[in-house]
Amino acid sequence: MALVKCKQCGTEVATDAVACPKCGTPRPRGMSTGKVLALIFGGLGLLCFGTCLLGGLVSALKGGGATATSSASSGPARTVEIRTLLGEYRDNELRADGTFKGHVIQTTGTVTDIRKDMLNDAYLVLSDGAMFEAVRVQCALGKAQAAKAASLSKGARVTIRGRVAGLMMDVLVRDCELVGP
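Following full-length UniProt numbering, the numbering of the sequence shown begins with 1 at its first residue and continues without gaps.
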């Protein structure tokens, strides 16, 4: 049997004792095995969930999936008013996905942002010109198109062509090409 010192009075106390025999101070308890296991498995679960979530986000940003790998210029583009596209996704995402997801569209909108994502890939954000629009169109650009986008300014009207990937905060359009001012 091992002995430890009481933190209150300094008397040696057996490790299996409930309290110090001299001063009556209860011995501090360590974490139970159940709590330790819960912390370990909870941490591992959180790590796995975070990795899957991050992987899905990166895949979505890179345009992972069978429909996103084909070029936007393969096949005719369907001309869609940006107000119609945004309105459809605002009203009913499932119906809008059935109508637009995986299809090449061409639309004209107002540039609200010109940025790079966390993978250093350029993208444009377009709106219909309304102030404080909740849903907008986010256009992922290739290297050649990024050079063209560098000459744009916020507020400019541009026409883009690309393949709709669905809604993830904004309507995502992959393989975007700038086809006109």
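Among these hints, one or two may not hold up.
[As the list claims (entries may be wrong)] Keeping only pairs whose Cα atoms sit at most 30 Å apart, straight-line, the calculated DSS-like set for lysine-lysine is:
id, residue 1, residue 2
1, LYS35, LYS7
2, LYS143, LYS154
3, LYS148, LYS116
4, LYS143, LYS101
5, LYS101, LYS116
6, LYS22, LYS101
7, LYS143, LYS116
8, LYS116, LYS154
9, LYS22, LYS7
The hints are simulated quantities; they were obtained by calculation from the structure and are not laboratory data.
We went through each hint and held it up to the structure:
At most 30 Å may separate the alpha-carbon atoms for a hinted pair to count; LYS35 and LYS7 meet this at roughly 24 Å. This hinted pair checks out: LYS143 and LYS154 have alpha carbons roughly 20 Å apart, not beyond 30 Å. A distance of roughly 14 Å separates the Cα atoms of LYS148 and LYS116; the hinted pair therefore holds under the 30 Å criterion. The straight-line distance between the Cα atoms of LYS143 and LYS101 is roughly 23 Å, inside the 30 Å bound, and the hint therefore holds.
Under the criterion of a C-alpha separation no larger than 30 Å, the hint pairing LYS101 with LYS116 is consistent with the structure, at around 23 Å. Taking the CA atoms of LYS22 and LYS101, the gap is about 76 Å. The hint is violated against a cut of 30 Å. A hinted pair counts as satisfied when its Cα atoms are at most 30 Å apart, and LYS143 with LYS116 qualifies at roughly 11 Å. The hinted pair formed by LYS116 and LYS154 meets the criterion: a straight-line CA distance of about 15 Å does not exceed 30 Å.
Only pairs whose Cα atoms come within 30 Å are accepted, and LYS22 paired with LYS7 is accepted, the gap being roughly 12 Å.
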